Amino acid sequence: MDASEEPLPPVIYTMENKPIVTCAGDQNLFTSVYPTLSQQLPREPMEWRRSYGRAPKMIHLESNFVQFKEELLPKEGNKALLTFPFLHIYWTECCDTEVYKATVKDDLTKWQNVLKAHSSVDWLIVIVENDAKKKNKTNILPRTSIVDKIRNDFCNKQSDRCVVLSDPLKDSSRTQESWNAFLTKLRTLLLMSFTKNLGKFEDDMRTLREKRTEPGWSFCEYFMVQEELAFVFEMLQQFEDALVQYDELDALFSQYVVNFGAGDGANWLTFFCQPVKSWNGLILRKPIDMEKRESIQRREATLLDLRSYLFSRQCTLLLFLQRPWEVAQRALELLHNCVQELKLLEVSVPPGALDCWVFLSCLEVLQRIEGCCDRAQIDSNIAHTVGLWSYATEKLKSLGYLCGLVSEKGPNSEDLNRTVDLLAGLGAERPETANTAQSPYKKLKEALSSVEAFEKHYLDLSHATIEMYTSIGRIRSAKFVGKDLAEFYMRKKAPQKAEIYLQGALKNYLAEGWALPITHTRKQLAECQKHLGQIENYLQTSSLLASDHHLTEEERKHFCQEILDFASQPSDNPGHKIVLPMQSFAQLRDLHFDPSNAVVHVGGVLCIEITMYSQMPVPVHVEQIVVNVHFSIEKNNYRKTAEWLTKHKTSNGIINFPPETAPFPVSQNSLPALELYEMFERSPSDNSLNTTGIICRNVHMLLRRQESSSSLEMPSGVALEEGAHVLRCSHVTLEPGANQITFRTQAKEPGTYTLRQLCASVGSVWFVLPHIYPIVQYDVYSQEPQLHVEPLADSLLAGIPQKVKFTVTTGHYTIKNGDSLQLSNAEAMLILCQAESRAMVYSNTREQSSDAALRIQSSDKVTSISLPVAPAYHVIEFELEVLSLPSAPALGGESDMLGMAEPHRKHKDKQKTGHCMVTTDHKVSIDCPWSIYSTVIALTFSVPFRTTHALLSSGTRKYVQVCVQNLSELDFQLSDSYLVDTSDSTDLQLVPLNTQSQQPIYSKQSVFFVWELKWTEEPPPSLHCRFSVGFSPASEEQLSISLKPYTYEFKVENFFTLYNVKAEIFPPSGMEYCRTGSLCSLEVLITRLSDLLEVDKDEALTESDEHFSTKLMYEVVDNSSNWAVCGKSCGVISMPVAARATHRVHMEVMPLFAGYLPLPDVRLFKYLPHHSAHSSQLDADSWIENDSLSVDKHGDDQPDSSSLKSRGSVHSACSSEHKGLPMPRLQALPAGQVFNSSSGTQVLVIPSQDDHVLEVSVT
Amino acid sequence: MAVCIAVIAKENYPLYIRSTPTENELKFHYMVHTSLDVVDEKISAMGKALVDQRELYLGLLYPTEDYKVYGYVTNSKVKFVMVVDSSNTALRDNEIRSMFRKLHNSYTDVMCNPFYNPGDRIQSRWALLPVSASSPGGPYFLCPIQSRWALLLCPIQSRAFDNMVTSMMIQVC
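Same order as they appear, the protein sequences are chains A and B.
Residues 5 to 1263 in my numbering are what the first sequence lists, from first letter to last.
Residues 56 to 228 in my numbering are what the second sequence lists, from first letter to last.
Chain A with its partners taken away, still in its complex shape (with noise of 0.2 Å):
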């Protein structure tokens, strides 16, 4: 045959690598079958079950028909999986049992002899049948028989090892029926063969493995095994099977490499630990780095030529998985892997061929992932491969400093022998990549050739890594990349490009608060500032860095210098100010007023001590250091006079000011605590309070945006204040650390000040603290002389000596020896001169600074005091004891009796009700040096006592009570007490019944004095009685003056008894007792005292035959319903006005209670005719029928009218519906004439006996 003849064909190590499958017997009815079979074969999937427990798959298989011939068969001992025949199929069409015999038969045993020799058992026998032979031989025997034949013959017990294939170039169900029995047999026959044969194969992989302690072992013989493996499944296209193989041998060999480290050596790894020739990167764009494989094979690769083929194996694999992110990673981690071995294994490696290998390496990975995606998975993917872009960038940056790329002069000779070094290393570029314009060689390459081209390929890689890390986020990744380029344009001294980056990476550092990185890329833009001539920049960046505690001390003072060299050095601009903030120079730490309240007045002198921390490292001399003040003038505001301000303003005049956190991040905690304080605003005109409210004082530190706390490096925020107002402080050394500093300033307009700005200036260097916060204020205020006079007790007292407090506040006057305040005396006030008495002069801020005696000299008009001397703005305070003469205050009191006349008031006493003090105002002018107008100082007194009085009766006799009732807190003593009567009657005497003339009265108590009336002869009409008794307050031991005594006038009418009423009660006849409900009588006997007096003359007097008798009429009223009247209670008698004349009334009264009850009031009342002005149209039965009384009660009290009422008569005290109505009137009795003598007497009553409820009242 012709095909023995053909060479072996070489295996092919690509995807197209399929299972091989034999074919022996009728080679023209293979090839008829064959273009069905290979279609037909990997349509359908099997399952293909696993050993060791591995998880079946759905196959599809597909395989590679050859020729039969004996040397494909494997030899004993070759281990070759890829030209391993898995089966051997024998193909016939015979139907002829004469055929068969001669030549099938013989061909077939050929076969399997040949089989057999080599023990193969993957073998099949196919039979075609075709219809249409059989129809050309009849005599044929039935088909079954050479099927049976054969089967008898070859299939021992292995009879599906023949199949019969019929009529496989029709097209009829049959055939496809038959089509599907076969290749279902071919499936699974092939099946069995690779789980048998791999599985064979896998097992002496295995032992293999095992032996690899053994010395001879090679890892490079074992990596062709397992890679064989890895082929079979590649070709199967179980591309996950097939990298485990490659897995396994990666894990291996690194495993070798750490324990090679560690010492444990293995023979074969010296080899890969010869020195590195080659670095041309990794081969990704074929599927099997032949050469590679070859070397491997001859035991002749590097370290590096083993893992490049490694990972080309992997990633083919892969990206066969479709991951290729999975390849990005991996090529990353290999990369750093690769590195590490050689270092481990101390491979001799020259400088830069590693950096080559690794950036063609990621650059071969990019492309080839690049090559098998679009754009947009690209894109969205940038996460997986963006480390390849760091890497590569960071590699060739390494690279170009090596090869004296990047520095300014360009490469020198050393420089390029190198480069030419490296670029033999890299050998010539490969075919496959020969024609791509943008392979990674001949960017290295071209790299490598010029500064310039250096420069462009590292930009377009520095860009697109900025790029792609910003695109997914990582901006810190961004920024640390973008330094790195700022780094590369400081070395080609382009500082104008590195600016930008370093400005970037610093905010972003300062905005997470990393304080390391902030100083060293500080450090780099300090010095990239300076190179663009940035100065205002430059030295702020300086000042930072002179206060960054994490330079060295020498780095601080470097940076400081520079400072001053600068503002040293002649400005050619001469007024030209660099303005800094101070923070970083110095920060204020406290302030400190002197005088403590931050108040001065106009002409006064305010010291403010501050103290700087300065954070510069050395000494620095500040010409000066100014404070900018605002002054505003807030008219009309109440918290601004100067009273306020010196009464309220008290602190402890030391602000602190919080030390700024500067370089760290604001976080949640550390924002500043609201400062909320009260506010009022007061209407400017009465003071009333017009709006309240709360403020938040830090609202601009609390509501700022979070970004803005980094644009402290932002210069253009600070601007210079003018202002005409500055404390300045000249010629100060700031020492490191804190400093004091003192302002003096003599205080000229009256407003607010308020601190604005610091600033302090070293040559045309200004430091400035734009805003001092929390807001510091002093103000500054003038003032009118005043006098005040107040009590210095709560009331001032009459009588007794009082003290009064002047305060002069003499504001912008300056009193002078001899000035005097002159008071006009007032009648009824003395100013008690007292020798010690002494001023005391304070200043305004309550500082004692003397004390004088007080002169006062008094005339009888003006008492006049000199003054102490005393400057401006002091308070001078001195105390006066003034004496309120008891002025007659006199008819005060109120009488508790009924029909007293009310004493008159004196007009200016106001009388307040309840138990106030009855008071007098004393108005004094007083006249003041300052001014030519007079003060008038009120001082209001109040009378200590109330006094009242009662005219009491026992029969004729007569009684004076005067109650005298201390109002006041104080205690007083009481003595001498008098009452005389100023009418000076010698008939009239008063007969004092007080056993003690020395009486105290403690404060709201009273005191009760009682005088016994006695006359001789006939009574006057009315008495008019003066009440006096001497008083001192019970405190005080001695006064220096004698006082008044409290006098007290009354008069008193009407006093003698003219009848006495007496009544009775008696019970029924034949009883013992008053029983309740039983009639009893009750016997009024009323009797005349005296004969005519003056005081009976008056309407009701009628006279007849020298007989006067005048009208009275009488009421019996039981308040307490103790009793029930019974008739009628009143009536109208005529009374002769005869000493002894009698009227006698009886009455029927019926008791209501048991008990002893108090007798019914029995009342009189004068019974007067009616005027004639009423006569005219008098209806005498209205008034009888209603027996309504026009009852003319003047002062009468108002139980009295409730029990007219309760009488249940129309009452008709309200006159207005009677008005013009002829009445008669009632005029009540005075009190002192009438007698009850019977008052207070109680009658027995008994319950009665058929009372089954027995009542019992307790009054």
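Don't read these hints as lab results, they were simulated from the structure.
Some hints here could point you the wrong way.
What the hints assert, rightly or not - SDA-like, lysine to any residue: derived pairs with alpha carbons at most 20 Å apart:
{"#": "1", "chain 1": "A", "residue 1": "K347", "chain 2": "B", "residue 2": "S141"}
{"#": "2", "chain 1": "A", "residue 1": "K1048", "chain 2": "A", "residue 2": "T944"}
{"#": "3", "chain 1": "B", "residue 1": "K82", "chain 2": "A", "residue 2": "T944"}
Stated by the list, open to error - Facing chain A, according to a computed beta carbon distance under 7 Å, are these residues of chain B, among others:
{"#": "4", "residue": "L81"}
{"#": "5", "residue": "H84"}
{"#": "6", "residue": "H88"}
{"#": "7", "residue": "T89"}
{"#": "8", "residue": "D92"}
{"#": "9", "residue": "T129"}
{"#": "10", "residue": "D140"}
{"#": "11", "residue": "S142"}
{"#": "12", "residue": "T144"}
{"#": "13", "residue": "A145"}
These numbers were taken from a predicted model, which means no experiment stands behind them.
Just so you know, even glycine gets a beta-carbon here, dropped at the ideal spot from N, CA and C.
Model the placement of chain B on the given structure of chain A, informed by the hints.
Chain B alone, transformed into the frame defined by chain A:
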């Protein structure tokens, strides 16, 4: 054996950072700072799943040629970053995990210290501070030396934390 251990606040500023070759401190600062990118990425990628599974270990953040950077995030979003020498092959994932767990426990102790203010840097050195620099009633024992200066006594727990970190940097776990 770690070469650098850092504790980073929720707001991404360092609460504590320490590295063994002190001359290369800056490099590690940059490295840890850059690694926050990946930490942020991982946290946002895990999202809810992280909370549910309570897996605080973030794994390898990114390898560099010489170092491996690992991350860990507490429930309160405080991050721990550990830098390990690449050549140190003894440290596998499990060891790193257990180191992080130890670190977390130590950090919890620091947080339990009543004198520690959450968010403050974990101070472990004696410091001389101006009196005014410390807020009144602040978290420190201030021992006045002169009127204006006070010795800041570092809280004891912070020392314990520091010692723990030192031990992690020295011993091979």
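The hints, checked one at a time:
1. A:K347 with B:S141: Given that 20 Å is the threshold and the Cα spacing comes to 11 Å, the pair holds.
2. A:K1048 with A:T944: Measuring from Cα to Cα gives roughly 19 Å; hence the hint holds.
3. B:K82 with A:T944: At roughly 87 Å apart (the allowed maximum being 20 Å), T944 (chain A) and K82 (chain B) break the hint.
4. L81: holds, 5 Å
5. H84: Cβ of H84 (chain B) sits 4 Å from chain A, so the hint holds.
6. H88: Interface hint status for H88 (chain B): holds (5 Å vs cutoff 7 Å).
7. T89: holds, 5 Å
8. D92: Interface hint status for D92 (chain B): holds (4 Å vs cutoff 7 Å).
9. T129: Interface hint status for T129 (chain B): violated (16 Å vs cutoff 7 Å).
10. D140: violated, 10 Å
11. S142: holds, 6 Å
12. T144: holds, 5 Å
13. A145: violated, 9 Å
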